[in-house]
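Based on the provided sequences and hints, a complete structural model is requested.
Protein chains: 2
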Amino acid sequence: MKTELGRHVILELYHCSPTLLDDEAFIRNVLAEAVRRANGNICGAFFHKFNPQGVTGVVLISESHVTIHTWPEYGYAAVDIFTCGERMDPWKACEYIIENFKPLNFNALEIKRGLLPQGRES
Amino acid sequence: MKTELGRHVILELYHCSPTLLDDEAFIRNVLAEAVRRANGNICGAFFHKFNPQGVTGVVLISESHVTIHTWPEYGYAAVDIFTCGERMDPWKACEYIIENFKPLNFNALEIKRGLLPQGRES
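These protein sequence lines map, in sequence, to chains A and B.
To convert a position in the first sequence, counted from 1, into the numbering used here, add 456.
To convert a position in the second sequence, counted from 1, into the numbering used here, add 456.
Just so you know, these hints were derived from the structure itself, not from any lab.
Idealized CB from N, CA, C, for every residue including glycine.
Watch out, some of these pointers could steer you wrong.
According to the in silico footprint, chain B covers these stretches of chain A (three or more CB under 8 angstroms from chain B) [to be verified]:
| hint | region |
| --- | --- |
| 1 | 472 to 479 |
| 2 | 540 to 554 |
| 3 | 565 to 571 |
Here are some chain A residues pointing at chain B (derived, C-beta under 10 angstroms) [to be verified]:
| hint | residue |
| --- | --- |
| 4 | Cys499 |
| 5 | Phe503 |
| 6 | Gly513 |
| 7 | His521 |
So this is what it looks like as structure tokens:
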């Protein structure tokens, strides 16, 4: 048996509103609230708006990171939610992001990061 | 057939030197040089050193992001290299990071992000 140091949710949002995917303030607010609902602690947040379209951003948290990159022209956003520790639940952040971006389709996959042989983690 | 918007390399570094994994300046420099060698364009870089140990950091690039989280106590680092576009090769960044962190073991996995039906991407 192995235990993991981190949990990483790879979230693919398809067929979102292009307007929302190009709205930096909306995206910032959704990510910050998603981190709060998942019990994360924000260390910093950095966003960049591309010309003519698209937003990229990262929220650095004590428990690792949340990132987003949007392609409004395809209605697509790539989101990563990487957490460590027992306190933060990446799926709570994931649910809040999905509720707010309202994709017609999405895919979410959890990858366990930092697998240690059991007994080494304590 | 589908084509992808992004390429995401999930890199797990095991059995690294705890001293290197706690050296924020070293980590910053390696990530910045890795991005340059892979033809990336840095928009910003943000790092945080934990007390008593561990470093977390993100390099925001025009082509998406590179992140790292280190656990010196386990000799482990979690690295993500997410790129888009033809110009940047995430595996060149990956190779440079491995060369410099010198893990005794590592694992690297590429995930294609933003799969669109062929014909929609142009």
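Verification of the supplied hints:
no. : hint       : result
1   : 472 to 479 : violated (count 0)
2   : 540 to 554 : violated (count 1)
3   : 565 to 571 : holds (count 4)
4   : Cys499     : 5 angstroms, holds
5   : Phe503     : 9 angstroms, holds
6   : Gly513     : 8 angstroms, holds
7   : His521     : 5 angstroms, holds
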